[in-house]
Amino acid sequence: MSNSYFRPDSKEEWADLLRQLGRQAKVQPQPFFYTRVQARLAAGQAQATAWLPAWARRPAYAALLGALVLAMSGDGPALRPASPAGHYGGYNLSPSAPR
Amino acid sequence: MAHCLPLCVTAELPSPLGASTPATDAALVAQLQQGSEAAFRTLVARFQDRVYSTAFSLLRSPEEAEDVAQEVFVEVYQTIDRFRGEAALSTWLYRLATSRALQHQRRLSARKRFAFFTSLLGFTTNQLPEPPDHAHPQALLEGAQQLQQLQQQIGRLPSQQQVAFTLRHEQELSYEEIAAVLGTTVAAVESLLFRARQTLRRHLQPSFRHV
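For the record, the sequence lines run as chains A and B.
Note that our numbering numbers the first sequence so that position 62 is 62, with each residue one more than the last.
Throughout, our numbering is defined as the position within the second sequence, counted from one, plus 1000.
Source of the hints: derived by calculation from the structure; they are not laboratory data.
A couple of the hints might just be wrong.
Derived coverage of chain B by chain A (criterion: at least 3 residues anywhere in the stretch with Cβ under 8 angstroms from a Cβ of chain A; other residues may be distant) [as the list claims (entries may be wrong)]: (1) 1045 to 1058; (2) 1073 to 1081; (3) 1112 to 1120; (4) 1146 to 1152.
Chain B residues, not near chain A, derived (Cβ > 12 angstroms throughout) [as the list claims (entries may be wrong)]: (5) R1106; (6) T1166; (7) R1201.
Here are the simulated lysine to aspartate or glutamate pairs, DMTMM-like style, with alpha carbons at most 20 angstroms apart [stated by the list, open to error]: (8) A:K26 to B:E1066; (9) A:K26 to B:E1063; (10) A:K26 to A:D16; (11) B:K1112 to B:E1063; (12) A:K26 to B:E1064; (13) A:K11 to B:E1190; (14) A:K26 to B:E1086.
Even glycine gets a Cβ: it sits at the ideal position worked out from N, Cα and C.
Next up, chain A with everything else stripped away, as it sits in the complex:
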């Protein structure tokens, strides 16, 4: 891909720098990598079996969330009085003598 932004001399330097980058990227994990992966798998396995099975966790979260939503939204209007006492501008709940 051409790029006129760069001068030819620095283009060479750029290419050289990219070659250095490529060479520098040849890194390897420490020896016995497979053993460590196995150990991690085994640790994950132990953790999973020690707690609830995976299938039981998500419905439990969903049920908890549902209960939370119900608790926060369901009973508000039921507990609130229809109109606060002494509230003017709407209904007057104070008993008045018929005229």
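Here the structure of chain A is known, so what remains is to put chain B in place on it, guided by the hints.
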């Protein structure tokens, strides 16, 4: 595959470091899906360098790269049943490695920011240290400084550009392979690389003038 350890031991596979071709990879996946420990060992041996070096290129930390590489192989083991072979095995592994590495990168940045703010508020002084600089002074004088600057600038690129640039110039993948890893088109990869190179050259330009 049942998620049990130890894996079932099946017939010996060819040399663990044998060449990775679509046919050998497909055979490997088939054996892995049957629960073969030998297949898993072969898979790790065949791809560990590529997965590790990809993670290292994006994170510049041996510990983080090791962590990501382990995560990738654990995920492969746990989800190999869902691998249908639409993409090459190496593509899938590169995809996992890059996405996991970027996740780690974001987590590290968030932790650094949090540590910085808590230190400002005086709650703690346990700031995360900057990655150690192992460069020898002589090497720095001989031009490795530019390489270090380049690596720093790569780390500041937007994540898609960073992945594309790393896969191209450090893992030496073709444009088609990068497009497969990123789930995009070759033209989009070209555009990502063009923008990445422009940004990097712009930021490195002053130091080039003084070489």
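Compare the structure with the hints numbered earlier in the document and write down the numbers of the violated ones, lowest to highest. Result: hints 3, 6, 7, 14 break, sorted rising.
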